[in-house]
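Just so you know, the sequence shown maps onto residues 835 to 951 in my numbering.
Some hints here could point you the wrong way.
Between beta-carbon pairs, the in silico distance windows are [to be verified]:
#, residue 1, residue 2, range
1, T862, M884, 50 to 56 Å
2, D931, K861, 34 to 40 Å
3, Y892, G950, 36 to 42 Å
4, H922, G950, 52 to 58 Å
5, N870, S928, 21 to 27 Å
6, M915, F935, 38 to 44 Å
Simulated pairs of lysine to aspartate or glutamate, EDC-like, Cα-Cα distance not exceeding 16 Å [said to hold, decoys possible]:
#, residue 1, residue 2
7, K848, E867
8, K904, E939
9, K898, E880
10, K851, E879
11, K904, E850
12, K902, D859
13, K840, E888
14, K875, D855
15, K875, E852
16, K875, E844
17, K848, E880
18, K871, E908
19, K871, E888
20, K902, E852
21, K904, E838
22, K848, E909
23, K851, E883
24, K851, E893
25, K840, E879
26, K848, D916
27, K863, E909
28, K904, D866
Think of the hints as simulated: they come from the structure by calculation, not from any bench. On a predicted model such as this, the values are computed, not experimentally measured, just so you know. Glycine included, every Cβ here is placed at the ideal spot set by N, Cα and C.
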Amino acid sequence: MDYEMKLKQELYDKLEKEYNDFIEDLKTKTPDEIINKSYEKVMKEELKEMFYPELNNYELSELKALNKTKAPLEELYQGWMDYDGGVHEPLQYSIEDTLEFLKKEQQKNRNKSMEGR
Numbered sequence: 835m836d837y838e839m840k841l842k843q844e845l846y847d848k849l850e851k852e853y854n855d856f857i858e859d860l861k862t863k864t865p866d867e868i869i870n871k872s873y874e875k876v877m878k879e880e881l882k883e884m885f886y887p888e889l890n891n892y893e894l895s896e897l898k899a900l901n902k903t904k905a906p907l908e909e910l911y912q913g914w915m916d917y918d919g920g921v922h923e924p925l926q927y928s929i930e931d932t933l934e935f936l937k938k939e940q941q942k943n944r945n946k947s948m949e950g951r
């Protein structure tokens, strides 16, 4: 295994452990506390998956820097929380695409029903 792949695997293992520790801690919480942490759980899972060793999303220097942090998953999560765009912009695009699709499908159905008359 070359150095880069070893580093990627080491970082992913570190992220995986941190995520699993977070999940174990969640299991000790009340239902209300778990609900309040649900967004954090989902985002941490997504962030972790961005670092599968087989992916080539990031430069070696970036991976090294992240791997040197004590809690890389928390660093990534806090970076996401501080990010200006947040999740709203991609959600807005998704909503617009879905609405456009639904309008087109409904128009097709109306046209078919008009042809059948």
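Results of checking the hints against the structure:
no.: 1; hint: T862 x M884: 50 to 56 Å; verdict: 27 Å, violated
no.: 2; hint: D931 x K861: 34 to 40 Å; verdict: 36 Å, holds
no.: 3; hint: Y892 x G950: 36 to 42 Å; verdict: 55 Å, violated
no.: 4; hint: H922 x G950: 52 to 58 Å; verdict: 42 Å, violated
no.: 5; hint: N870 x S928: 21 to 27 Å; verdict: 24 Å, holds
no.: 6; hint: M915 x F935: 38 to 44 Å; verdict: 31 Å, violated
no.: 7; hint: K848 x E867; verdict: 25 Å, violated
no.: 8; hint: K904 x E939; verdict: 50 Å, violated
no.: 9; hint: K898 x E880; verdict: 20 Å, violated
no.: 10; hint: K851 x E879; verdict: 12 Å, holds
no.: 11; hint: K904 x E850; verdict: 13 Å, holds
no.: 12; hint: K902 x D859; verdict: 23 Å, violated
no.: 13; hint: K840 x E888; verdict: 11 Å, holds
no.: 14; hint: K875 x D855; verdict: 11 Å, holds
no.: 15; hint: K875 x E852; verdict: 12 Å, holds
no.: 16; hint: K875 x E844; verdict: 22 Å, violated
no.: 17; hint: K848 x E880; verdict: 15 Å, holds
no.: 18; hint: K871 x E908; verdict: 13 Å, holds
no.: 19; hint: K871 x E888; verdict: 29 Å, violated
no.: 20; hint: K902 x E852; verdict: 14 Å, holds
no.: 21; hint: K904 x E838; verdict: 20 Å, violated
no.: 22; hint: K848 x E909; verdict: 13 Å, holds
no.: 23; hint: K851 x E883; verdict: 13 Å, holds
no.: 24; hint: K851 x E893; verdict: 22 Å, violated
no.: 25; hint: K840 x E879; verdict: 21 Å, violated
no.: 26; hint: K848 x D916; verdict: 22 Å, violated
no.: 27; hint: K863 x E909; verdict: 22 Å, violated
no.: 28; hint: K904 x D866; verdict: 28 Å, violated
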